[in-house]
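For the protein sequence lines, the chains are F and U, in the order given.
Sequential numbering from 589 applies to the first sequence in my numbering.
Sequential numbering from 589 applies to the second sequence in my numbering.
You may find that some hints are simply not true.
To be verified - Not the full set, but computed from the structure, chain U residues with beta-carbon under 7 Å of chain F:
hint, residue
1, E610
2, G638
3, A644
4, E647
5, S682
6, T683
7, F775
It should be emphasised that the hints constitute simulated quantities derived from the structure, not laboratory data.
On a predicted model such as this, the values are computed, not experimentally measured, just so you know.
Even for Gly, the Cβ is constructed at its ideal location relative to N, Cα and C.
There are 2 protein chains.
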Amino acid sequence: MMRIAILIFDGLTALDAIGPYEILSRLPETELRFVGREAGPKRTDTGALGIHADLALAELPDPEVLVVPGGEGNRSLMTDDEVLGWVRDVHDRSTWTTSVCTGALILGAAGILDGKRATTHWAYLDRLRELGAETASERVVEHGKVVTAAGVSAGIDMALTLASRIAGERVAQSIQLGIEYDPEPPFDTGSPHKAPQELVDLIRSSERTE
Amino acid sequence: MMRIAILIFDGLTALDAIGPYEILSRLPETELRFVGREAGPKRTDTGALGIHADLALAELPDPEVLVVPGGEGNRSLMTDDEVLGWVRDVHDRSTWTTSVCTGALILGAAGILDGKRATTHWAYLDRLRELGAETASERVVEHGKVVTAAGVSAGIDMALTLASRIAGERVAQSIQLGIEYDPEPPFDTGSPHKAPQELVDLIRSSERTE
């Protein structure tokens with residue numbers, strides 16, 4: 589039984605975690621758990637949603653798969669020795685260590701991305717580089733057992749890629765069909781290379797002030 | 589202040605709700621709340637996630653926007669007079685009434701889709717037709733103020749469309765950039781028209797036995 593841990597915390601961006609959850613929880617012969625510094629309810633970054641950590645870090649010291657989502661709440665985790673220590677220990681023994689969006693900053697702060705190719709939300713690539721990573725503007729970046737995704741919704745693509753590595757392409761394709769993931773975004777503004785510069789500047793300035 | 593209600597319940601498919609939440613919660617001058625038949629924790633369909641309904645139905649009788657997600661847990665809601673009555677009353681006064689995946693079955697059971705164009709998860713189009721809808725195999729279907737989405741991940745496309753109707757294209761495009769929604773599915777198997785027939789049959793048979 590492969591155990592999958594998704595780390596959650598107050599100030600989390602919900603979709604960062606729930607995209608991968610929806611895919612990885614459908615894998616055969618796996619068990620997925622939501623883990624917090626302490627067990628109990630966590631409030632997402634908008635304040636409008638409460639999600640539950642069923643386990644504390646100490647209750648799941650050695651999952652085979654780790655998923656670290658992002659959200660402004662993870663900035664305080666970047667200097668939290670208990671969380672960083674747990675992430676490092678898990679990574680030492682993991683089969684896969686993964687992140688979505690600014691979750692990569694946690695992996696970076698834990699020293700896991702030193703010299704590795706990795707990605708994060710487009711507005712945070714500079715900060716990820718400062719943490720030692722060799723950043724890449726790609727949607728999903730694999731470097732050995734470390735798999736990082738770009739911003740928020742990229743966790744869905746990352747998890748499908750991961751699902752194919754864990755259980756084979758047939759299973760991943762079946763999950764993709766089950767969640768009807770045949771995206772038709774109404775606009776073509778989902779990346780800074782495609783969106784109007786005005787919108788890119790707007791978001792970059794608001795992210796910087798967090 | 590436009591109030592947005594997302595109805596949640598035990599047996600919910602999490603991404604059906606969290607995709608739209610991640611987008612609609614970023615709209616200016618809106619307030620988004622998670623509502624349950626009773627307030628309190630709800631467990632999703634996989635059993636691996638607990639999310640919190642902050643309000644009971646009676647506490648939010650008249651939101652301007654309603655989002656009804658799917659999941660096998662909603663089958664019991666289809667004969668629940670209290671829930672169906674609330675959905676009908678909300679719809680009578682709403683600006684937008686929406687669903688994701690099999691959430692459309694709830695709207696159908698409430699009599700809201702009678703003679704209307706609507707969609708749902710691809711494996712449930714027949715059942716939606718039995719409830720009076722004129723079904724369409726499209727990712728997002730708008731019929732007046734009723735907007736329905738196809739399976740699970742289609743809620744993201746639906747919510748971006750809805751965001752543009754509520755707050756204009758510029759705001760919707762900015763949200764799309766903020767969540768870096770520039771999808772790159774690793775496989776092209778997200779719809780029954782694209783996936784191998786063997787996978788379509790597999791999922792159809794498993795959904796039927798629910």
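> Against chain F, is T683/U within 7 Å by beta-carbon distance?
Replying inline: Check failed: Cβ of T683/U comes no nearer than 19 Å to chain F, outside 7 Å.
Can E647/U be said to touch chain F, with a Cβ gap under 7 Å? 15 Å, violated
**Prompt:** Taking 7 Å as the limit, does the beta-carbon of E610/U come near enough to a beta-carbon in chain F?
**Reply:** With Cβ-Cβ at 4 Å, under 7 Å, it holds.
Mind checking the CB of A644/U against every CB in chain F and telling me if the closest is under 7 Å? 15 Å, violated
Close enough to count: is the Cβ of F775/U nearer than 7 Å to one in chain F? Given a least distance of 5 Å, the restraint on F775/U holds.
Hint check: 7 Å Cβ-Cβ cutoff, S682/U to chain F: Since chain F brings no Cβ nearer than about 19 Å to S682/U, farther than 7 Å, the hint is violated.
Can G638/U be said to touch chain F, with a Cβ gap under 7 Å? At 3 Å from the nearest chain F Cβ, G638/U passes the 7 Å test, so the hint holds.
When held up to the earlier numbered hints, the structure conflicts with 3, 4, 5, 6 and fits the remainder.
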